[in-house]
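Chains as they are written, first to last, in the numbering used here: chain A, 1 to 250; chain B, 1 to 250.
In case anyone wonders, no lab produced these hints; they're calculated from the structure. Hints are not guaranteed to be accurate.
Pairs involving identical chains hold if they fit within one copy or between any two copies, as the list cannot separate such chains.
[Claimed, not checked] Below, a list of computed lysine-lysine pairs in the BS3-like style, where the Cα atoms sit at most 30 angstroms apart:
{"hint": "1", "residue 1": "Lys135", "residue 2": "Lys147"}
{"hint": "2", "residue 1": "Lys208", "residue 2": "Lys135"}
{"hint": "3", "residue 1": "Lys174", "residue 2": "Lys72"}
{"hint": "4", "residue 1": "Lys78", "residue 2": "Lys65"}
{"hint": "5", "residue 1": "Lys78", "residue 2": "Lys67"}
{"hint": "6", "residue 1": "Lys125", "residue 2": "Lys208"}
Number of protein chains: 2
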Amino acid sequence: MENEIERLPILRIAHGNMSSTQDAVAREITLTVVLNNRNKADLLCSPSNLEYLAVGFFCSQGILKSKDEVRKIEFDRKEGVIYIETSGATGGFSSAEKGLLPHVPEPIMANHLKISPRQITSLMKNFMSRSSIFKATGGVHSVALCKGDDILIFSEDIGRHNAIDKVLGERLLKNIPLEECSIATTSRISSGMLLKIAQQNIPIIISKSAPTDLGVRLADAAGITLIGFARGERMNVYSHSWRVATNRET
Amino acid sequence: MENEIERLPILRIAHGNMSSTQDAVAREITLTVVLNNRNKADLLCSPSNLEYLAVGFFCSQGILKSKDEVRKIEFDRKEGVIYIETSGATGGFSSAEKGLLPHVPEPIMANHLKISPRQITSLMKNFMSRSSIFKATGGVHSVALCKGDDILIFSEDIGRHNAIDKVLGERLLKNIPLEECSIATTSRISSGMLLKIAQQNIPIIISKSAPTDLGVRLADAAGITLIGFARGERMNVYSHSWRVATNRET
Numbered sequence: 001m002e003n004e005i006e007r008l009p010i011l012r013i014a015h016g017n018m019s020s021t022q023d024a025v026a027r028e029i030t031l032t033v034v035l036n037n038r039n040k041a042d043l044l045c046s047p048s049n050l051e052y053l054a055v056g057f058f059c060s061q062g063i064l065k066s067k068d069e070v071r072k073i074e075f076d077r078k079e080g081v082i083y084i085e086t087s088g089a090t091g092g093f094s095s096a097e098k099g100l101l102p103h104v105p106e107p108i109m110a111n112h113l114k115i116s117p118r119q120i121t122s123l124m125k126n127f128m129s130r131s132s133i134f135k136a137t138g139g140v141h142s143v144a145l146c147k148g149d150d151i152l153i154f155s156e157d158i159g160r161h162n163a164i165d166k167v168l169g170e171r172l173l174k175n176i177p178l179e180e181c182s183i184a185t186t187s188r189i190s191s192g193m194l195l196k197i198a199q200q201n202i203p204i205i206i207s208k209s210a211p212t213d214l215g216v217r218l219a220d221a222a223g224i225t226l227i228g229f230a231r232g233e234r235m236n237v238y239s240h241s242w243r244v245a246t247n248r249e250t
Numbered sequence: 001m002e003n004e005i006e007r008l009p010i011l012r013i014a015h016g017n018m019s020s021t022q023d024a025v026a027r028e029i030t031l032t033v034v035l036n037n038r039n040k041a042d043l044l045c046s047p048s049n050l051e052y053l054a055v056g057f058f059c060s061q062g063i064l065k066s067k068d069e070v071r072k073i074e075f076d077r078k079e080g081v082i083y084i085e086t087s088g089a090t091g092g093f094s095s096a097e098k099g100l101l102p103h104v105p106e107p108i109m110a111n112h113l114k115i116s117p118r119q120i121t122s123l124m125k126n127f128m129s130r131s132s133i134f135k136a137t138g139g140v141h142s143v144a145l146c147k148g149d150d151i152l153i154f155s156e157d158i159g160r161h162n163a164i165d166k167v168l169g170e171r172l173l174k175n176i177p178l179e180e181c182s183i184a185t186t187s188r189i190s191s192g193m194l195l196k197i198a199q200q201n202i203p204i205i206i207s208k209s210a211p212t213d214l215g216v217r218l219a220d221a222a223g224i225t226l227i228g229f230a231r232g233e234r235m236n237v238y239s240h241s242w243r244v245a246t247n248r249e250t
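Given these sequences and hints, build the entire structure.
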């Protein structure tokens, strides 16, 4: 973690008093990710789990689908470039990358996973207590892959899209099945975040923050349960609330 | 403002009680911006001040520099496309767009603008009270162009980069000089935000949130005073603190 935080000299002002001190600031680095010397992107990100980020980035682009495709991951740390080689042909960048609204996958109504308000409260408490870099710097987003109220994978990044890509990359390389999983996040849920979840057929997303209307509409269309403002024992269910069982049922 | 907010049916859960109600959610739309039928980008954004967003987007790309260059702005509302025509040739997309770390402009040490902690407190109080969509939805970022503790331009958007581009676009079309101005924002300050400020030679940026280390380093190199965590009478000055005068001096 110390690699992800930088201590910088600051002038602190409080109620008219000034003092020279230090503050912990989230680090931000540049990373280039390359797939088969063909697809390339430059990212600004936190310096952790970078191989996962690279894999997850191409996974979210829809051009990397399973662990079996990955033949080699090479990290040139000096140049800040991660090269991924896959077996077989991969497609070009998806419309998501180009900013257009991508195709919404088939709805996953068939996934009957449920979660109770009590589990959500317990999960989010667990989730928020994990966010060490946020606690130190206030400058990052957290995302976790969860099962019930357990956290399977946890990541933090200065960018919310990177944070989820890190989770998706790690889960791809670890081959974790997703049918019984949910995503927890500190960040707002806009169309981009929602589409990454939908693409993976993950049936539940829980956020501490607000969704956008397009995020809600896409969740509705994709059959995903979207829970926002999950704070303590309060939460708003924006779509497919049938997955949120009362405590008695679970 | 009603155009920027959508009321959606939700299931609200609090302390085990469930109730069907409505929640105000920030709208998110897709917009295509085109410059001289040559440079094109697809944006996801809040549906306000879209002409300003289009102008500000190309301004931040460094390919639109003054109001005089703008010959025509045409908004095809049906297709969601804004066409901007300029006189004279414009450059291609900058490296910022491609995600690489762009060139830091000449430092603006010669700008001797000062601001007092009292002005910052007063400005941020004024600024935060303006954020009507955030208050309703919790889902947007605010950015303002300020002079002393006055707000000259205010914008909100689901994306922090859009929010600042809207401010920069409006200021370009209104020809407001920037030497005595500062930027106030609710959002975190990473390298991308900082570079947009630096490119406009704006000497002071004040945020309610955290900066990244790269944001601080670029502010330092560019001669910009970066103030973070400006909340009430508290704030952290991360770079060029000589511009933050004590109240007695101002």
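For Lys125 vs Lys208, is the C-alpha pair at or below 30 angstroms within one copy, between two copies, both, or neither? both (10 angstroms within a copy, 25 angstroms between copies)
Please sort Lys78 with Lys65 into within, between, both or neither, judging by C-alpha distance up to 30 angstroms. within (28 angstroms within a copy, 36 angstroms between copies)
Measure nothing new, just compare the shortest in-copy and cross-copy C-alpha distances for Lys174 and Lys72 to 30 angstroms and report within, between, both or neither. within (15 angstroms within a copy, 53 angstroms between copies)
How do Lys208 and Lys135 come out at 30 angstroms by Cα distance, when the copy is not named: within, between, both, or neither? Close inside one copy (15 angstroms) and across copies (16 angstroms); limit 30 angstroms.
Using 30 angstroms as the alpha carbon limit, work out where Lys135 and Lys147 are close: within a copy, between copies, both or neither. Only inside one copy: Lys135 and Lys147 sit 24 angstroms apart there, 33 angstroms across copies, limit 30 angstroms.
Using 30 angstroms as the alpha-carbon threshold, which applies to Lys78 and Lys67: within, between, both, or neither? Within one copy only: 26 angstroms inside, 43 angstroms across.
Hint check: no violations occur; every hint is consistent with the structure.
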